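Trainee: Protein sequences, first through last, are from chains S and L. Heads up: the first sequence begins at 304 in my numbering, then just goes up one per residue. Heads up: the second sequence begins at 304 in my numbering, then just goes up one per residue.
Treat the hints with care, as some may be off.
A pair holds if it fits inside one copy or across any two, identical chains being indistinguishable in the list.
Think about it this way: if two alpha-carbon atoms lie no more than 25 Å apart in a straight line, the pair counts; the simulated SDA-like pairs of lysine to any residue are [unchecked claim]:
no., residue 1, residue 2
1, Lys499, Asn560
2, Lys556, Pro346
3, Lys531, Ile403
4, Lys490, Glu452
5, Lys530, Val503
6, Lys558, Gln494
7, Lys421, Ala544
No lab work stands behind these hints, which were simulated from the structure alone. For clarity, every value in this text was computed on a predicted model and none was experimentally measured.
Each chain is listed here by its residues.
Number of protein chains: 2
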Amino acid sequence: MIGVFDSGVGGMTVASAIEQVLPDKQLIYFGDLARAPYGSKSPETIRRYAIENTEFLISKGATLIIVACNSAASVASDILQSTFDQPVFEVITPAIDRAIAVSRTGRIGVIGTRATIKSGVYEQEIKRKRTECKIFSEPCPMLVPLVEEGWLNKRETKMITRRYLHPLKMKNVDTLLLGCTHYPLLKHLIQPRIGKRVKVIDSSHEVAKRLHDFLESRPELSRSLEKKTENTYYVSDVTDAASMTAQRIFGRKIKLNKI
Amino acid sequence: MIGVFDSGVGGMTVASAIEQVLPDKQLIYFGDLARAPYGSKSPETIRRYAIENTEFLISKGATLIIVACNSAASVASDILQSTFDQPVFEVITPAIDRAIAVSRTGRIGVIGTRATIKSGVYEQEIKRKRTECKIFSEPCPMLVPLVEEGWLNKRETKMITRRYLHPLKMKNVDTLLLGCTHYPLLKHLIQPRIGKRVKVIDSSHEVAKRLHDFLESRPELSRSLEKKTENTYYVSDVTDAASMTAQRIFGRKIKLNKI
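Start from the sequences and build out the full structure, keeping to the hints where you can.
Mentor: Have a look at this one:
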């Protein structure tokens with residue numbers, strides 16, 4: 304099975320993208336709602352949670368791990384890769400490679416939670432791969448609660464989105480990386496506010512495409528992931544708001560199994 | 304020692320009010336930042352966390368517990384009172400008694416997190432004590448992240464505050480209960496938006512007064528709580544935003560000890 308974890312339901316944008324690109328693969332999801340959000344927590348705490356979540360997915364039969372949480376991917380990918388034998392994918396690298404490929408001016412904007420932006424992972428990785436790039440990052444901590452409230456079209460959400468994007472617009476970025484799995488749900492507000500010519504990179508789609516390519520070159524592993532039953536969605540806590548956000552992401556009702 | 308716990312640093316408004324009313328008492332605080340916020344979590348999860356937090360405070364020498372978190376107080380007070388021998392105070396009852404005492408029309412508004420409002424605890428308790436009261440409640444889930452961001456005077460915060468209070472204003476409440484320990488930091492926005500004639504009840508002050516009265520009638524217990532050293536503030540995680548909010552609440556720098 305493909306095991307996907309996130310701090311909450313935001314990572315379901317990744318699960319949903321994988322379902323679209325690899326509809327015949329078995330997927331298991333874990334959303335750590337009881338300890339969400341990770342974005343406001345320290346690196347040490349996030350690393351501990353990431354290891355526990357991976358252990359849970361492996362215990363349920365996952366043979367491939369997707370870190371669908373930018374906060375965890377930015378501070379815990381290394382430790383997961385060195386701790387576990389299973390291949391570990393994360394939402395950051397595929398999005399970075401895409402941004403580097405499409406940016407013409409090399410002026411790239413990155414938005415994410417405080418933890419992700421503070422980690423500097425996007426900036427370091429982009430500069431390592433294409434040294435002449437100029438990276439401009441903005442933490443956008445209010446966007447996750449706004450998405451989780453379902454305020455996807457409220458005036459306040461538009462104002463807050465504009466407030467966050469304004470400095471990046473002033474820097475004339477030609478590419479904007481959505482460094483948080485919740486943000487694709489606000490893409491309809493982000494694209495017009497950053498400017499229609501700016502390429503907005505959605506990390507969920509990029510990691511799904513990367514996984515697709517990886518499996519194409521590994522037919523045996525690919526066959527072992529074949530779908531046998533419905534995909535399962537586990538969470539460490541259930542709330543009405545989480546169920547509604549899950550439904551919003553998949554466009555259908557999702558059964559959340561509490562563990 | 305007086306042991307105070309909250310999901311994060313919001314409960315420090317309670318600790319601060321206790322320091323003002325009982326400056327000679329020893330206080331120990333625990334903010335469960337690693338698992339914050341509680342407001343979006345289920346009652347079972349909140350109860351489990353509340354028991355663990357109380358055990359921690361008792362292990363550090365607390366002989367009296369203050370639940371400085373409305374989400375925990377609304378769903379976990381009973382279980383704490385039946386599980387532990389130590390007296391347990393919480394932020395809800397004193398505020399309710401005050402609201403009942405000051406309301407002339409009996410039309411009382413309550414604002415809080417989703418968990419607190421959904422629990423119906425304010426409505427039930429007020430009606431039990433004064434049956435003819437009419438209670439109007441509004442969940443205000445965006446206010447905690449706004450306070451934690453330090454956006455205390457931003458235009459968006461004013462708009463969101465107005466949006467939440469509007470239905471209560473339309474109901475002509477004469478008293479408004481702040482059912483979340485973060486909200487006193489927004490009182491300067493709340494009071495003008497709900498109307499200057501409406502009495503705004505701050506639960507932090509009410510629980511501090513209640514504790515003061517309780518200790519007056521128990522001189523022996525009161526003596527045992529005498530201050531011997533600086534008050535200590537423990538947290539399960541440290542972040543810059545939490546440190547800044549703590550500083551904002553106390554008006555001075557607060558050392559957060561991570562456990």
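Trainee: Of the numbered hints stated previously, which ones are contradicted by the structure, given in increasing order?
Mentor: Hints 1, 3, 5 and 6 not satisfied by this model.
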